[in-house]
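S.K.: Modelling step: build the complete structure from the supplied sequences, incorporating the hints.
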Amino acid sequence: MFTTVLQNLFNALQWGSFYSMIALGYCLVYGVLRLINFAHGDIFMMACYFAFFIATFFLSIFLGLPGPVIFVITLFLTIMVTAGLGVFIERVAYRPLRKKGAHRLYVVITALMLGFILENGNLAVLGASSRRFPDMIDKVIISFGGVNLTNLKIIVILSSIVVFFILNLIVNKTKIGMAMRAISYDKFAIPLMGIPVNKVITFTFALGSGLAAVAGILFGMSYPVLDPYMGMIIGWKAFIAAVVGGIGDIKGAFLGGFILGFIEIIVVAFFPSSYKDLIAFVILLLILTIKPTGFFGVAKSTKI
Amino acid sequence: MLKKTVLSVLFITLLVIPAALFAGGQSEGNVIKIGFDIPLTGDRPKVGEGTKFAAELIKEKVNAAGGLEVGGEKYMLDFIYVDNELKAESAVQAAFKLIEQDQVLAIVGPDGSTQAIPAGQVANDNRTPLISPWSTNPNTTLDRPYVFRACFLDPFQAPVAAKFASEQFGAETVSVMYNLEDDYSKTLAELFKAAWEEKNGAGSVLNFESYGNKDQDFSVQLTAITAADPDFLYLPCFYNKVAMIVPQAKDLGWEKPVMGSDSWGSADLVKLSKGAVKGYYFTTHYAAAGAVGATKDFIDEYNEAYGYVPDDVGALSFDAVNIVLQAIQNAGLTGDLQTDRDAVKDAMASLESYPGITGTMTFTPDGDPIKDAVVVMVNDDGEFEFVATMQP
Numbered sequence: 001m002f003t004t005v006l007q008n009l010f011n012a013l014q015w016g017s018f019y020s021m022i023a024l025g026y027c028l029v030y031g032v033l034r035l036i037n038f039a040h041g042d043i044f045m046m047a048c049y050f051a052f053f054i055a056t057f058f059l060s061i062f063l064g065l066p067g068p069v070i071f072v073i074t075l076f077l078t079i080m081v082t083a084g085l086g087v088f089i090e091r092v093a094y095r096p097l098r099k100k101g102a103h104r105l106y107v108v109i110t111a112l113m114l115g116f117i118l119e120n121g122n123l124a125v126l127g128a129s130s131r132r133f134p135d136m137i138d139k140v141i142i143s144f145g146g147v148n149l150t151n152l153k154i155i156v157i158l159s160s161i162v163v164f165f166i167l168n169l170i171v172n173k174t175k176i177g178m179a180m181r182a183i184s185y186d187k188f189a190i191p192l193m194g195i196p197v198n199k200v201i202t203f204t205f206a207l208g209s210g211l212a213a214v215a216g217i218l219f220g221m222s223y224p225v226l227d228p229y230m231g232m233i234i235g236w237k238a239f240i241a242a243v244v245g246g247i248g249d250i251k252g253a254f255l256g257g258f259i260l261g262f263i264e265i266i267v268v269a270f271f272p273s274s275y276k277d278l279i280a281f282v283i284l285l286l287i288l289t290i291k292p293t294g295f296f297g298v299a300k301s302t303k304i
Numbered sequence: 001m002l003k004k005t006v007l008s009v010l011f012i013t014l015l016v017i018p019a020a021l022f023a024g025g026q027s028e029g030n031v032i033k034i035g036f037d038i039p040l041t042g043d044r045p046k047v048g049e050g051t052k053f054a055a056e057l058i059k060e061k062v063n064a065a066g067g068l069e070v071g072g073e074k075y076m077l078d079f080i081y082v083d084n085e086l087k088a089e090s091a092v093q094a095a096f097k098l099i100e101q102d103q104v105l106a107i108v109g110p111d112g113s114t115q116a117i118p119a120g121q122v123a124n125d126n127r128t129p130l131i132s133p134w135s136t137n138p139n140t141t142l143d144r145p146y147v148f149r150a151c152f153l154d155p156f157q158a159p160v161a162a163k164f165a166s167e168q169f170g171a172e173t174v175s176v177m178y179n180l181e182d183d184y185s186k187t188l189a190e191l192f193k194a195a196w197e198e199k200n201g202a203g204s205v206l207n208f209e210s211y212g213n214k215d216q217d218f219s220v221q222l223t224a225i226t227a228a229d230p231d232f233l234y235l236p237c238f239y240n241k242v243a244m245i246v247p248q249a250k251d252l253g254w255e256k257p258v259m260g261s262d263s264w265g266s267a268d269l270v271k272l273s274k275g276a277v278k279g280y281y282f283t284t285h286y287a288a289a290g291a292v293g294a295t296k297d298f299i300d301e302y303n304e305a306y307g308y309v310p311d312d313v314g315a316l317s318f319d320a321v322n323i324v325l326q327a328i329q330n331a332g333l334t335g336d337l338q339t340d341r342d343a344v345k346d347a348m349a350s351l352e353s354y355p356g357i358t359g360t361m362t363f364t365p366d367g368d369p370i371k372d373a374v375v376v377m378v379n380d381d382g383e384f385e386f387v388a389t390m391q392p
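Protein chains in written order, with the UniProt record's numbering: chain A, 1 to 304; chain B, 1 to 392.
Just so you know, the hints here were simulated from the structure itself, not pulled from any lab data. Source: prediction; values computed, not measured. Using N, Cα and C, we set each Cβ at its ideal position, and we do this for glycine too. Treat each hint with caution, since some may be false.
[What the hints assert, rightly or not] According to the in silico footprint, chain A covers these stretches of chain B (three or more CB under 8 Å from chain A): (1) 38-45; (2) 211-217; (3) 271-284; (4) 297-306.
[What the hints assert, rightly or not] Every beta carbon over 12 Å from chain B, so not counted as near; a handful from chain A, in silico: (5) K153; (6) I161; (7) P191.
[Unchecked claim] Listed below are the simulated PhoX-like cross-link pairs for lysine-lysine, each with C-alpha atoms no more than 25 Å apart in a straight line: (8) B:K271 to B:K256; (9) A:K276 to B:K214; (10) B:K250 to A:K139; (11) B:K271 to A:K139.
M.R.: Set out below in structure tokens:
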């Protein structure tokens, strides 16, 4: 019994890590722009595919290279490419709308549509076949007292924590982080202070997409069957997790992801899995009813 | 702006109308039209591809020989493939389109039970013969004289799996994990549970776990199963799910055998699971490794044309299309669509000992063939190797 609980604890930590990492990306963009970037889940999906192609390419070119080196190369390149995609999307889809002063509603709809474009574009270009993510790191199963962990599981959990701290550092301790918080505070006064708003926003998208890339690679390694719709549901759920944690607060998004992960795992442990979303979202709804700003959110004007 | 829109609408209309007329005009001359209601996109496109490729093999061969001979006359084959996206609603629409718009003589497909059950209803209501290559759910053909299948039924497969596991692993306890949102998986899991408990007494099924279509993480269910430590795991799931579940089970320390159903039988199974399924067994319709005679000829031709060994959907589709053609030959053609549809249906129902490549088939009045199940093992080369044929 105890080992089962412990095992499920680690299962929940791993599952929650993915929600957390994706929720952080949502939170970042929302914090700066007040834009719910619904395409974020699909950027995550694209990151998975980028990583798939990059890893496959390097594994076939440099046969002798050890897995971890390829992993690092893949991680680096995927973050770059995905950040590029995020910035590209911002340039072609969001910025023109922002320039014309379009209402936020239109920007959100644009984000939703972009998500569908990414999904179906992927479907059109790559076909509907699921793909198998290559193994870059030899899987080691570590068992202690009946609890089985893979090295990957530990990497995932640690990565989400490291990502959170790095992000926290960037937002709170660097100049660009200060600029991000400033835009969040008052986006009309900030350009007057000589802060290049568009540059900061570009950086925000690069950072958010980079986070999605880290999540994407680790997700591909943990659940190695890829398909074009993989990002949709997990993206929406991560967004809800961010709201429950208190969107606009990095800590809130981070913990919100874990809360959702834990609730889902606990529900499945006791009920048929089809009740998972039902019960999980009822609980989340209750949390929001009691505290509409989310767990850690406070009604304040800087949302980051 | 408005002018532009009007112009472009006009332009599109002008483009579409002749195309539609053209498509409609094709029914001139000696042509037999057969429709295919299959998943070419969606979660499991390989399934639809298997059906399409097998059908194309037959079509090319028949048309190269000048057409199918019916009552002394040669008829060219025209196969119309409509994508059902692996959705029940789309399968119904596809069936309507084939029956009413394309005026096909008979329909092959849908492959999966989830789509075949509603599409079969449409075909039966519109008195058009339909044969599903791969749907193993009883409801597909139940009380539907126009609906047939080329494979055995779920109730048949579950006791075969139970019997085989008892004999092969000497198993007494089992855990079952299935997809709650999939009619096929759910029915099979329930039937298997009933068959197993009848054999080994109540309580011999240690876990009866479920998951949903969009789930990617199965760690909780697998944690419970691993903790219960049964003699083997029964996994009546589709290959894409199997490929996710099995590696996760191994990560959680699972070392015992796993057994599955015919939905494992896809060329993608081993590739997607990266060999994690090697050494596991499943019940199915045919085995590619160790095939002889007409079955081997089909496999060789298919492999030559498309570069991979056909899975059982391919083999069953090959049989399904040939059964339709045989029935057409037996029935003869009058030129009146509804009369011909009725005649083809009657001819199909009265086929006896038809020598298909997946076994000899005789149809029961319900439209289900009587044939053996095959148990195969995924061998070290990732091939599906013949182990035994079995009746429950």
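S.K.: Give a verdict on every hint.
M.R.: Hint-by-hint comparison with the structure:
no. : hint             : verdict
1   : 38-45            : holds (count 5)
2   : 211-217          : holds (count 6)
3   : 271-284          : holds (count 4)
4   : 297-306          : violated (count 0)
5   : K153             : violated (8 Å)
6   : I161             : holds (19 Å)
7   : P191             : holds (34 Å)
8   : B:K271 to B:K256 : holds (21 Å)
9   : A:K276 to B:K214 : holds (11 Å)
10  : B:K250 to A:K139 : holds (11 Å)
11  : B:K271 to A:K139 : holds (18 Å)
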